[in-house]
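Asker: Protein chains in written order, with the numbering used here: chain C, 30 to 144; chain X, 43 to 153.
Because the hints were derived from the structure by calculation, they are not lab data.
Some hints could be false.
[As the list claims (entries may be wrong)] Here are the simulated distance ranges between beta carbons:
1) C/GLN109 / X/GLY96: 46 to 56 Å
2) C/SER56 / X/SER111: 15 to 25 Å
3) X/SER54 / C/ARG38: 24 to 34 Å
[Claimed, not checked] Below, a list of computed lysine-lysine pairs in the DSS-like style, where the Cα atoms sit at most 27 Å apart:
4) C/LYS91 / X/LYS152
5) C/LYS44 / X/LYS44
6) X/LYS152 / X/LYS109
7) C/LYS107 / C/LYS45
8) C/LYS45 / C/LYS91
9) X/LYS84 / X/LYS152
10) X/LYS140 / C/LYS107
11) X/LYS109 / X/LYS44
12) C/LYS40 / C/LYS91
13) X/LYS140 / X/LYS109
14) C/LYS107 / C/LYS40
15) C/LYS44 / C/LYS100
16) X/LYS109 / X/LYS84
17) C/LYS100 / X/LYS140
18) X/LYS109 / X/LYS98
19) C/LYS107 / X/LYS84
20) X/LYS44 / X/LYS140
21) C/LYS40 / X/LYS44
22) X/LYS140 / X/LYS98
23) C/LYS107 / C/LYS91
24) C/LYS91 / X/LYS140
[Unchecked claim] Where chain X lies over chain C, by a calculated footprint (3+ residues, C-beta under 8 Å):
25) 65-74
26) 135-142
Model, not experiment: these values are computed from the prediction.
We put the CB at the ideal spot given by N, CA and C, even for glycine.
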Amino acid sequence: EAGVVQSPRYKIIEKKQPVAFWCNPISGHNTLYWYLQNLGQGPELLIRYENEEAVDDSQLPKDRFSAERLKGVDSTLKIQPAELGDSAVYLCASSLDFTNTGELFFGEGSRLTVL
Amino acid sequence: QKEVEQNSGPLSVPEGAIASLNCTYSDRGSQSFFWYRQYSGKSPELIMFIYSNGDKEDGRFTAQLNKASQYVSLLIRDSQPSDSATYLCAVNREYGNKLVFGAGTILRVKS
């Protein structure tokens, strides 16, 4: 069974440029998460989807970050414009459903460097 | 005060020894607790979860939970160099049903 797939794995951009990350969760997993992980820190939740509904986006900086999960499968996270402080690893994770909130399966992550 | 606190380490143990990793949390209503392992440059992977007070064993790993003390630990018996990684404690916070991660403890097992 394929795991969570993310792309791109690495992205280097200039500040103020836009960037987008894509995630395909494990087949049949209804819950999808985007986390941000800075070096030496644990993952921090940006947004959680239940099917196509964003049920927790309280930590998403909505002035520059946006996300969507059309048709309740794939998801895209966008940053526009990017700032130097956005350099981090963006992790996508999925779980079977809402009741398995802690049993997450993570993708390999997208490492963003903003110059 | 952080919601989930871990000693950042590194914790160094010799091969074959027991490694003890600790975690405290602030939300007294938390009900479920998780340990993730993260190798350098890789993504976290779930290795243990525990919901009830006491011990839970899985192979060389034992998770311990004390809700009264708001304390979770992970013991790794017969530590191997392949266990060298960062271990993340995660707590499912009651309010908002949200998983919160600690910053992780770096474990180094020396052969």
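Asker: Could you run down the list of hints and mark each one as holding or not?
Answerer: Hint check:
{"no.": "1", "hint": "C/GLN109 / X/GLY96: 46 to 56 Å", "in the structure": "holds (49 Å)"}
{"no.": "2", "hint": "C/SER56 / X/SER111: 15 to 25 Å", "in the structure": "violated (41 Å)"}
{"no.": "3", "hint": "X/SER54 / C/ARG38: 24 to 34 Å", "in the structure": "holds (31 Å)"}
{"no.": "4", "hint": "C/LYS91 / X/LYS152", "in the structure": "violated (45 Å)"}
{"no.": "5", "hint": "C/LYS44 / X/LYS44", "in the structure": "violated (30 Å)"}
{"no.": "6", "hint": "X/LYS152 / X/LYS109", "in the structure": "violated (33 Å)"}
{"no.": "7", "hint": "C/LYS107 / C/LYS45", "in the structure": "holds (13 Å)"}
{"no.": "8", "hint": "C/LYS45 / C/LYS91", "in the structure": "holds (16 Å)"}
{"no.": "9", "hint": "X/LYS84 / X/LYS152", "in the structure": "holds (21 Å)"}
{"no.": "10", "hint": "X/LYS140 / C/LYS107", "in the structure": "holds (22 Å)"}
{"no.": "11", "hint": "X/LYS109 / X/LYS44", "in the structure": "holds (17 Å)"}
{"no.": "12", "hint": "C/LYS40 / C/LYS91", "in the structure": "holds (21 Å)"}
{"no.": "13", "hint": "X/LYS140 / X/LYS109", "in the structure": "holds (18 Å)"}
{"no.": "14", "hint": "C/LYS107 / C/LYS40", "in the structure": "holds (13 Å)"}
{"no.": "15", "hint": "C/LYS44 / C/LYS100", "in the structure": "violated (31 Å)"}
{"no.": "16", "hint": "X/LYS109 / X/LYS84", "in the structure": "violated (31 Å)"}
{"no.": "17", "hint": "C/LYS100 / X/LYS140", "in the structure": "holds (24 Å)"}
{"no.": "18", "hint": "X/LYS109 / X/LYS98", "in the structure": "holds (14 Å)"}
{"no.": "19", "hint": "C/LYS107 / X/LYS84", "in the structure": "holds (22 Å)"}
{"no.": "20", "hint": "X/LYS44 / X/LYS140", "in the structure": "holds (15 Å)"}
{"no.": "21", "hint": "C/LYS40 / X/LYS44", "in the structure": "violated (31 Å)"}
{"no.": "22", "hint": "X/LYS140 / X/LYS98", "in the structure": "holds (23 Å)"}
{"no.": "23", "hint": "C/LYS107 / C/LYS91", "in the structure": "holds (10 Å)"}
{"no.": "24", "hint": "C/LYS91 / X/LYS140", "in the structure": "holds (19 Å)"}
{"no.": "25", "hint": "65-74", "in the structure": "holds (count 6)"}
{"no.": "26", "hint": "135-142", "in the structure": "holds (count 4)"}
Checked against the numbered hints listed earlier, the structure breaks hints 2, 4, 5, 6, 15, 16 and 21; every other hint is satisfied.
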